[in-house]
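Given only the sequences and the hints, what does the whole structure look like? Please build it.
What follows is the residue order along each chain.
There are 2 protein chains.
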Amino acid sequence: MPPSEQAHSFQAPKGTRDFYPQDLLKKRYIEKMWRDTSIRHGFEEIDGPTFEHLDLYTVKSGEGIISELFSFRRDGGEKDYALRPEFTPTLARMYAAKAGSLGKPTKWFWQQNCYRAEKPQRGRLREFGQWNVDLIGGDNEPEAQARMDADIIAACVDLLKIAGLSSSDVLIRISSRLNLQAVMRRVNVPESSIDRFIGVWDKRAKLTSDEFEREATAVGVYPAIARALDDLVSQATDTGRALPQLFHASEFEAQQMTAFFGLLEAAGIRDWCRWDLSIARGLAYYTGMVFEVHEANGKERAIAGGGRYDKLIEMFGGPPTPAVGFGMGDVVLSLVLQDRGLMPEGKDLLDKLSAPSASLRPDIFVIANDQPESQQALRPLIAQLRRGSESTKPLHARHTYKTTKNIGKLLQEATALHARFAAIIENATEATLKNLTTGEQEKLPLDQLGTRVSKS
Amino acid sequence: MPPSEQAHSFQAPKGTRDFYPQDLLKKRYIEKMWRDTSIRHGFEEIDGPTFEHLDLYTVKSGEGIISELFSFRRDGGEKDYALRPEFTPTLARMYAAKAGSLGKPTKWFWQQNCYRAEKPQRGRLREFGQWNVDLIGGDNEPEAQARMDADIIAACVDLLKIAGLSSSDVLIRISSRLNLQAVMRRVNVPESSIDRFIGVWDKRAKLTSDEFEREATAVGVYPAIARALDDLVSQATDTGRALPQLFHASEFEAQQMTAFFGLLEAAGIRDWCRWDLSIARGLAYYTGMVFEVHEANGKERAIAGGGRYDKLIEMFGGPPTPAVGFGMGDVVLSLVLQDRGLMPEGKDLLDKLSAPSASLRPDIFVIANDQPESQQALRPLIAQLRRGSESTKPLHARHTYKTTKNIGKLLQEATALHARFAAIIENATEATLKNLTTGEQEKLPLDQLGTRVSKS
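Sequences listed follow chains Z and X, in order.
Going by our numbering, the first residue of the first sequence is number 45, and it counts up by one from there.
Going by our numbering, the first residue of the second sequence is number 45, and it counts up by one from there.
Please note: incorrect hints may appear among the correct ones.
Note that the list lumps identical chains together, so a pair holds whenever it fits in one copy or between two copies.
Said to hold, decoys possible - Quick list of in silico lysine-lysine cross-link-like pairs, BS3-like style, CA-CA up to 30 Å:
#	residue 1	residue 2
1	K148	K70
2	K343	K76
3	K446	K391
4	K70	K437
5	K123	K71
6	K142	K70
7	K437	K449
8	K449	K250
9	K205	K76
10	K355	K487
11	K396	K437
What the hints contain is simulated information worked out from the structure, not anything from laboratory work.
Written out as structure tokens, the structure is:
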């Protein structure tokens with residue numbers, strides 16, 4: 045008998061992947077775009093264990109996650125473990141353990157594999173690559189938190205752009221748990237049913253009207269109320285660029301959401317986004333703004349999803365800490381890029397993978413002087429530097445989150461980060477660019493900073 | 045009660061690590077060196093599942109591995125899984141599944157985490173980063189396989205050099221399963237005890253003479269025979285550069301080992317290596333040359349280990365296929381680098397991590413014309429190009445494994461790999477360098493090829 049018949053026929057476990065070299069290069073291409081985008085936006089990479097104590101997931105993530113876990117216990121051991129189905133609980137644990145000594149805000153990214161014991165299907169595997177981007181802490185003021193929300197969306201959009209996608213290919217559907225709850229109260233969903241009804245609402249697009257009404261009834265919501273929600277939400281979802289019709293849950297929420305949409309506009313990414321209360325997100329820990337990125341034709345599963353989780357750090361033993369972030373998987377993104385001919389091949393793929401990575405040292409640290417027009421110019425300038433242009437490569441651009449306007453102190457912050465250049469915005473159109481290695485400085489129009497820095 | 049007292053105190057599982065940004069940069073530094081070295085030596089990256097069916101490990105890797113597995117079964121599931129304790133079984137499974145369509149030889153590297161349920165101690169964790177480098181297939185002739193063995197050692201040495209280590213810091217202790225078996229036969233170890241006695245011999249350094257003799261007795265070897273082996277091996281271990289005293293198991297083995305040590309000499313890495321029959325390696329699948337890399341003062345656990353596993357591919361249903369490779373973990377390497385002040389910090393670390401990576405397109409594909417002195421010059425030249433020098437950055441250098449000397453065909457191979465340059469060695473000192481993008485060519489001394497290619 046030949047050896048091939050004697051031997052076992054071994055296969056990879058269902059829902060996992062064998063990556064031969066040409067397959068893996070494509071995954072590495074996605075991971076390189078994730079890493080470069082994170083670094084340019086000033087996020088720092090962290091990592092944690094591949095498996096955690098089981099209760100890290102069961103206590104905090106809500107019922108949604110439990111049936112999907114690969115959990116295990118060692119022979120003779122006393123502890124239950126589970127492969128991570130997502131990274132956020134580890135991130136919350138790590139932040140809570142060192143909250144006192146971490147940056148305000150803390151900007152972290154993570155990219156590794158996650159594991160879910162779901163039935164494999166198109167866009168959904170049991171082991172998949174995942175990118176997380178999180179902004180934790182910072183001033184708990186509506187405008188400050190709106191900036192964090194907008195920064196998170198901006199990082200996500202820059203990744204999509206670098207991958208070659210445009211606002212006609214993908215749509216960022218934005219909602220808010222607080223707004224959704226306010227809408228539910230308006231149509232008289234009983235207070236005691238709201239949390240469970242959000243779970244049903246999250247699945248709305250996959251259900252027929254009959255199924256939806258049946259599931260609503262099961263969590264204590266009358267069919268007529270469920271229908272009223274359907275109607276109201278379809279009216280409240282914007283299709284243009286106007287500020288969405290909000291159902292304010294509180295004055296804080298109203299200010300935050302208004303500021304947030306203004307910032308999306310200022311960053312030039314409003315046309316990627318749509319206010320859409322049909323988005324709820326499944327996980328229990330979300331508290332405010334939530335969003336999902338979908339292919340415009342709605343064919344694939346969500347490319348990315350995330351939102352605000354202002355209570356989670358506290359649940360893990362840390363101080364009360366606002367936080368916002370998102371995750372993006374490699375499986376759906378690959379399908380979307382392949383389908384549109386945006387996945388490079390052959391020499392092109394090798395060249396893209398071998399191109400210089402984003403510099404871990406900031407290319408430029410931007411400081412606004414105390415003039416209002418300089419302050420106003422800061423965020424659009426940062427957005428443009430990070431995004432790059434035809435003539436300028438995307439840069440690792442940073443700015444302070446401190447309230448001080450003392451330029452000496454801010455230059456110290458730039459030096460501590462080992463930035464190559466600092467730019468001090470003098471007015472609406474000009475900045476002084478300082479080479480932090482040589483000390484040389486020169487005055488330049490704002491729109492020439494990127495070219496100058498990327499050439500040196 | 046403040047929230048921190050209400051909340052659970054969650055911790056990472058024993059033997060796993062939380063990587064905050066500064067910690068992770070150091071792991072990424074090691075991973076970058078691993079990746080760059082692999083690519084320059086012409087290895088291509090693969091990946092497989094984090095967990096496999098349990099029997100992939102229990103059937104083939106020998107008893108040594110079973111007690112160290114994190115194995116699990118899903119609630120209600122019928123399959124047993126285990127987190128990978130090492131990557132070689134996955135590699136063998138993947139090679140066996142596609143053997144017919146893969147390169148001859150196939151050169152693969154892999155770097156991800158592995159999991160072992162051992163008691164954590166210095167240099168040994170339950171989750172750790174691992175780098176595997178494997179050369180599979182190729183002509184099953186003693187000289188061809190000796191070249192594979194030497195190529196594997198060369199990749200390992202280049203990593204150690206790039207990390208800043210020298211041959212006075214670390215020692216590559218080389219042995220052979222076949223030679224070790226021959227020595228055991230010479231001192232009259234019973235044939236039926238040899239396999240199990242190799243398991244005991246692998247632990248020899250950790251045992252007192254009394255313990256060693258007791259364990260030998262337990263596997264059917266008389267104490268006097270165990271003592272005789274101790275004596276003979278200490279005589280047979282070389283301390284200088286002379287060819288080791290071999291106890292040939294076969295003519296094939298004799299030719300392979302003699303050629304192997306000649307190639308180590310020719311590649312300029314003989315002084316990193318010592319013939320040392322006290323090395324046995326624990327895993328059951330090794331069949332020939334085995335080696336371990338140790339800190340010269342013997343303080344830490346092994347930095348790397350590997351060897352030849354000529355039967356494993358066949359056991360997984362593939363064709364009979366010679367193979368050789370090694371694995372290196374991040375934990376011991378980190379300790380060795382930290383202890384010697386070789387782990388970069390601060391700005392230096394950021395710069396090293398942001399430096400250009402090895403090009404996935406070969407920088408240079410080297411062809412020897414049909415003259416013997418050109419053939420002779422090929423391997424030392426490749427070794428030097430990959431290693432770089434004060435004035436030349438290390439390059440991704442490739443050569444053919446085919447026996448054809450048809451230069452036209454070999455230039456086609458270079459083009460298919462998207463190489464930037466091809467060099468045709470004309471004699472012992474000169475080559476024609478051809479720019480494969482522009483078609484331009486020029487004649488250059490061999491020792492100027494690296495400088496010319498790295499400048500363009």
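Status of the hints after comparison with the structure:
For the homomeric pair K148 and K70, the shortest alpha-carbon distance between copies (23 Å) is at most 30 Å, but the shortest distance inside one copy (35 Å) is not. Only within a single protomer do K343 and K76 lie at most 30 Å apart by alpha-carbon distance; the minimum there is 26 Å, versus 37 Å between protomers. In the homo-oligomer, the alpha carbons of K446 and K391 lie at most 30 Å apart only across protomers (23 Å), although the nearest pairing inside one protomer, at 45 Å, exceeds that limit. Within a single copy, K70 and K437 get their C-alpha atoms as close as 22 Å, and across copies as close as 27 Å, so both meet the 30 Å cut-off.
Taking CA atoms no more than 30 Å apart as the test, K123 paired with K71 passes between copies only; the shortest distance there is 28 Å, against 34 Å inside one copy. Taking CA atoms no more than 30 Å apart as the test, K142 paired with K70 passes between copies only; the shortest distance there is 19 Å, against 36 Å inside one copy. In the homo-oligomer, the alpha carbons of K437 and K449 lie at most 30 Å apart inside one protomer (29 Å), although the nearest pairing across protomers, at 44 Å, exceeds that limit. In this assembly of identical chains, the alpha carbons of K449 and K250 never lie at most 30 Å apart, being 51 Å within a copy and 63 Å across copies at closest.
Proximity of K205 and K76 under a CA criterion of 30 Å is satisfied in both settings, with 14 Å inside one chain copy and 27 Å between copies. Neither within a single protomer nor between protomers do K355 and K487 lie at most 30 Å apart by alpha-carbon distance, with minima of 45 Å and 69 Å respectively. Taking CA atoms no more than 30 Å apart as the test, K396 paired with K437 passes in both settings, with 13 Å inside one copy and 20 Å between copies.
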